[in-house]
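Chains as they are written, first to last, in the working numbering: chain F, 184 to 258; chain E, 8 to 637.
It should be emphasised that the hints constitute simulated quantities derived from the structure, not laboratory data. One thing to keep in mind: the hints can contain errors.
What the hints assert, rightly or not - Lysine to any residue pairs mimicking SDA-like chemistry, simulated, CA-CA at most 25 Å apart:
hint, chain 1, residue 1, chain 2, residue 2
1, E, LYS397, F, PHE229
2, E, LYS534, E, PHE465
3, E, LYS58, E, LYS390
4, F, LYS225, E, LYS534
5, E, LYS390, F, MET184
6, E, LYS172, E, GLU222
7, F, LYS231, E, ILE351
8, E, LYS391, E, LEU381
9, F, LYS225, E, MET73
10, F, LYS231, E, MET393
11, F, LYS225, E, ILE539
So the chains spell out like this:
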Amino acid sequence: MVDVGTGLVAIGSAVAIVGSAIAAGIAEKSIGAAAVGAMAEKEELFGKGLILTVIPETLVIFGLVMALLILNLAK
Amino acid sequence: MLKPESMSRLVIAGHKEHMQQTINELHQLKVLHIVDHAKNELADIGSPYEKASALSETLIKIRSIMTYCSLNRGSDAESPDKTHDKLSHDKINSRLQAISGQIAGIQESIREYQSRLTKNNVVLAELRKLEDLKMPLEAISAYKSLVYFVGYANDAQSLHGRLQKKGWNFRMYLSQKNPKLMALFIESGKSKEAAEILGQSSFSSLNAALLEELEGLPSKAAEKVSKEILDCSNEAERLGKELAQAGKDNMEFLLAAEKYLSNELEKAEAPLRFAATKNAFFVSGWVPAGNISHVMNRLEKTLKNKLFISFDAPKPKDDVPVKLNNKKYAKPFEFLLDLYSLPIYREFDPTLLIFLTFPIFFGFMLGDIGYGLLSLGIFALMKKKMPKAKNFFNIFMLSSVSTVFFGLLFGEFFGAEEIGHFELWHILSRSHDVMLLLSIAVGIGIVHLNLGLILGFFNERKLHGLKHAIYAKGSWFILQGGTFILIADTINLISTSTLLIVFGFAITYGLLIGSILILLAIIMLIKGEGIIGPIEILGLIGNIGSYSRLMAIGLSSVMLAIVINEMAFEFLHKGNLYILAGILLLLIGHAINMALGWMGSFLHSLRLHYVEFFTKFFHGGGKKYSPFGL
Chain F
184 MVDVGTGLVA
194 IGSAVAIVGS
204 AIAAGIAEKS
214 IGAAAVGAMA
224 EKEELFGKGL
234 ILTVIPETLV
244 IFGLVMALLI
254 LNLAK
Chain E
8 MLKPESMSRL
18 VIAGHKEHMQ
28 QTINELHQLK
38 VLHIVDHAKN
48 ELADIGSPYE
58 KASALSETLI
68 KIRSIMTYCS
78 LNRGSDAESP
88 DKTHDKLSHD
98 KINSRLQAIS
108 GQIAGIQESI
118 REYQSRLTKN
128 NVVLAELRKL
138 EDLKMPLEAI
148 SAYKSLVYFV
158 GYANDAQSLH
168 GRLQKKGWNF
178 RMYLSQKNPK
188 LMALFIESGK
198 SKEAAEILGQ
208 SSFSSLNAAL
218 LEELEGLPSK
228 AAEKVSKEIL
238 DCSNEAERLG
248 KELAQAGKDN
258 MEFLLAAEKY
268 LSNELEKAEA
278 PLRFAATKNA
288 FFVSGWVPAG
298 NISHVMNRLE
308 KTLKNKLFIS
318 FDAPKPKDDV
328 PVKLNNKKYA
338 KPFEFLLDLY
348 SLPIYREFDP
358 TLLIFLTFPI
368 FFGFMLGDIG
378 YGLLSLGIFA
388 LMKKKMPKAK
398 NFFNIFMLSS
408 VSTVFFGLLF
418 GEFFGAEEIG
428 HFELWHILSR
438 SHDVMLLLSI
448 AVGIGIVHLN
458 LGLILGFFNE
468 RKLHGLKHAI
478 YAKGSWFILQ
488 GGTFILIADT
498 INLISTSTLL
508 IVFGFAITYG
518 LLIGSILILL
528 AIIMLIKGEG
538 IIGPIEILGL
548 IGNIGSYSRL
558 MAIGLSSVML
568 AIVINEMAFE
578 FLHKGNLYIL
588 AGILLLLIGH
598 AINMALGWMG
608 SFLHSLRLHY
618 VEFFTKFFHG
628 GGKKYSPFGL
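In isolation and in its complexed conformation, chain E is listed as follows (with noise of 0.2 Å):
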């Protein structure tokens, strides 16, 4: 809780004859998040095993595969563990074969069927444009002694006249209903002669020899074509059902013989994250303190003092990996904190925070019980019918709870302060008390950014010692505490005797004292972070102000609510049909808005996180903890 796990680095030697049996080791004991090895003067990196690339090999044909059926990794998978054992390299080889050759095939002729579906596709459409021409497509072949021109020129009648009187052997065909549409038989003899007459009426040609292997008038062959085109993608549809049914039939194996395999490639690649001399390797690495003494135990135990293994406390300038440790409740939570950025080894993990401000933030913005009570069903529902988006979904549930107890407080149930007659008990009436609201929202602010400050002061006392702590952060509090006297004496709040009048304008031992504490401040920020510190306060008061959105978000919503229930209610109270209309005025507007809230309540109670809370102390930038193995 607010630290992550605290780690140890473990250090492992030994002689290159053992380092299998290690490997083997840390990967079953899945604790170790190595350190990858830099090439340096002293050891070159391992070598991988000789098995690495023909595993890899077999890796990619097995991924290639899924892909072809649609598989996807993990997603289906039922549990592959049990199978593990039984698995080998070999065994996986000999299976794959069979299987890649059925699918190969498979995939073989629906490649064929793809591909005379796009001939086929191209001859139809140029047929379409022959269709009304009644020449027989026999006509259209490779001839020796003729040459055709088949396509559209500007005004074919009149070409047919001009043709005959060159006194030309030649035959043309010409379409009723298209005027430009034409095709012309000549001798090859005058076939220059023809192209540039064609050319002054600016022909341009049809792909004609797509067509000469058919037969019969276009109309016709255009028919005998679709119902080819048919044909072909109904059988490359059923081989691809028949795809997907071979890749269903073969998941388990595929699923376990990848499991296995990218875990043996793991083990057989890992020597390149180790470091190596001639006879000897060196690892080193990562591992929860609390896991210590059992991997030490176990290492022992199989390894017999074959190495050397050590371990010590991570010094302050190591770079450690980060393993989030919440309790149950608050570990959804990690989720929004990914999101952003992992804490860095030696900051607080301010996961739990999150878990108790961030249900508040969001119910204080959508806070209506009847939004709550039907988001907590729906995510309920949500959260069964997709299990791996579970995490999410317990933060929304956990916020729809949240929303109900803030609309008990508000008296809002849809929108309606009252239900029949019936007034609902409140706190607050959010649409009336907007000023009220407005304060309660803004002092949220402050008492949530002060919790940020609290914590900056001790990450950078860890950080950079107690020093600059005081300077950097604790100099935001004296600045606060200097307003608030300066601002409680002007308005009144709090009443001291005067010390001097200058120019008829009073001065205050309040005033005074405020003043000296906000310069004070200022100086201290200047020497905690430089010239850019005083120009925050700002940045600070456009933060507290940005807490308002608590209010502006929540009103926004009660008042799309209000104004849905009255349109509906003008409709229901005109009775007959719009009746039906008023309802389903309600049922939308509601759903609309609802859908509305949550992602602006979820958004945006995320950004005061992330970008109000977190900059008060947040460092982030941390290296996630992956062990080996896992």
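Same shape as in the complex, but just chain F (with noise of 0.2 Å):
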């Protein structure tokens, strides 16, 4: 068994990424519906949509990068 400290940088970095995730989540969204209408209407705005469809992904890699930096501290 893994002492307390580690289990709370475990779930320290867990909310690290569970947040981002959320966030970006909620972002793309908004954006994916958006990308998805523009498209019904004008069909070459494929590529352009899908680009501004994964902008908010950096949330979620910024939450990865927490969660590594956290992890390192149970090392």
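Two independent chains are provided; combine them into the complex using the hints.
Here it is in structure tokens:
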């Protein structure tokens, strides 16, 4: 069994991922909906729509980096 | 390379009687990007040639026939150019008449069958409802002395009794299965009262008038109608095939005629883009500088000094169309730039840089020998299948090669770091040296962003002068320098002697110089870009952090591959049928992971270029060079 400190570190890093993933999801939801709407009007916008949709993915990447840095504390 | 092709402004003026010939020449040359004339007090726009309306009429006919026969413009074209010279508007019209007659005939009968089909479907739906009634359908017809009610009523059985009590002459059909279904025939004198009684039982009528032409019992009639439906749909399908065949037979002609007519129409309507007075015309536009002498020679030769032609270099405020000018190897990447926005004429064309960095980013993220080789094969195959998306697949193929290269560096083969007991050579292992990978990713980011800032410096110098360039872009380098000195001094990477001690806190020369540089950079930024400048410092930190996706996407792809391998090997060790499951898991798992890897790596390297890199220098919004006649 791991000690309490390591467990807390693990929970901390999980929170970093969970929070940023939810945030990215919320942001992508609205952008995705708008992008699909735009695409229905004008199909050529597929490329731009796709790019715009992944822009908030940075959030979850920052979350992942933070999670990794926190995990490093446990070592 | 790095610059759009240089353009010259060409101006042609002449008498109107030479306009037709000039248009023909320009159309053949296919180099002049015409700038549409806007009506002003000096000259109106020209009027199109008379034949334009007749041409467009024929063109619309051809295009409508092509839509009927589901022919696509351009896609099925074998090489209609060859037949061009023999075509003329009259010839096209006479042949078109025959074709459109044939096709209109087929269309007409298809429409007829389709309307019969819809009607029969409705009739069948009504008949199905009446199927349980043992009532000959002949009974339903338009009577003088009788009315009928066919439909549903609550408790139809008791209705029969209630009507009988009234002592009227009527006949009622009831269903064995559905207690609500009923058909009532009653003398027309009593129709109002009968309707009232029915209304109390909340009667709802069926559309029986549709059935008036039918005979026999409903179930028999339904059989007959459904057979007719089958016949109709078969016939409609056969005619549809005939239509497609007619289209195929005339495909070559239709495509060639369409192309010929759109060319002729473009020529006939060209004067709309010219300036014209009562007797003269005037056209201005852009020609690639290299083609200028060729254009001049051609026009001189055919029109023999009848035109006034002049050219000169673009002025700073001109809105010059952009023709990207890249070597063959970098050409596919123009597609990615096109997806975003074309550069304006006076700035850098970053295609070559995308060509250099895009595959590196892609490979860094996917980085796996197995995935790289497999995707190289898949994309080569897809390129052969879909030559239209050639550029797209070329980008992917180059990226696959880079994936193999990085796979070799990371020592990964489908996520595994060893094959059998033979460990693959690697510089660093992505699944173990995460922090090192993160530092490398951020390092790549800093280099890439600085490259963008350098380009931005030159762009600003060209567009707004050296002073502005130093304030707006040079300040970023000073800022970075200051930050570096500050950090290096704090973590004792460099040691500078102490200047003075304030409240026990040692202020060193390094600290002081670093802070002064940062302050200086902020002041320059405010001068260069206004109050928004310093806020962008936070943006730059975000931008650098954003490059950590190079590590993150790669890591997630490796981890997934490792999980797939571990699960599959557990199955494989169990033996028997588990081996099959293990192999299936490997195949499906890696296929999904690879597809995710393609999408993730492609989108994220693209995004790093669009959002992080381009914002440092790129203005965009250039107009595409589209020469007349092409």
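Each hint tested on the structure:
In summary, the hint linking LYS397/E to PHE229/F is supported, as the alpha carbons are separated by about 18 Å, within the 25 Å threshold. Our distance criterion of 25 Å between C-alpha atoms is met by LYS534/E and PHE465/E, whose separation comes to about 18 Å. With a CA separation close to 43 Å, the supplied pair LYS58/E and LYS390/E exceeds the 25 Å bound. Simply put, LYS225/F and LYS534/E have alpha-carbon atoms about 41 Å apart, too far for the 25 Å limit, and the pair is violated.
Our distance criterion of 25 Å between C-alpha atoms is broken by LYS390/E and MET184/F, whose separation comes to about 54 Å. Between LYS172/E and GLU222/E the alpha-carbon distance is near 32 Å, which puts this suggested pair outside the 25 Å criterion. Taken as a hint, the LYS231/F and ILE351/E pair is honoured in the structure, with Cα atoms around 19 Å apart against an allowance of 25 Å. For the hint linking LYS391/E to LEU381/E, the alpha-carbon distance of about 16 Å falls within 25 Å, and the restraint holds.
For the given pair, LYS225/F sits about 23 Å from MET73/E by alpha-carbon distance, which is consistent with the 25 Å threshold. This hinted pair checks out: LYS231/F and MET393/E have alpha carbons roughly 22 Å apart, not beyond 25 Å. For the hint linking LYS225/F to ILE539/E, the alpha-carbon distance of about 34 Å lies beyond 25 Å, and the restraint is violated.
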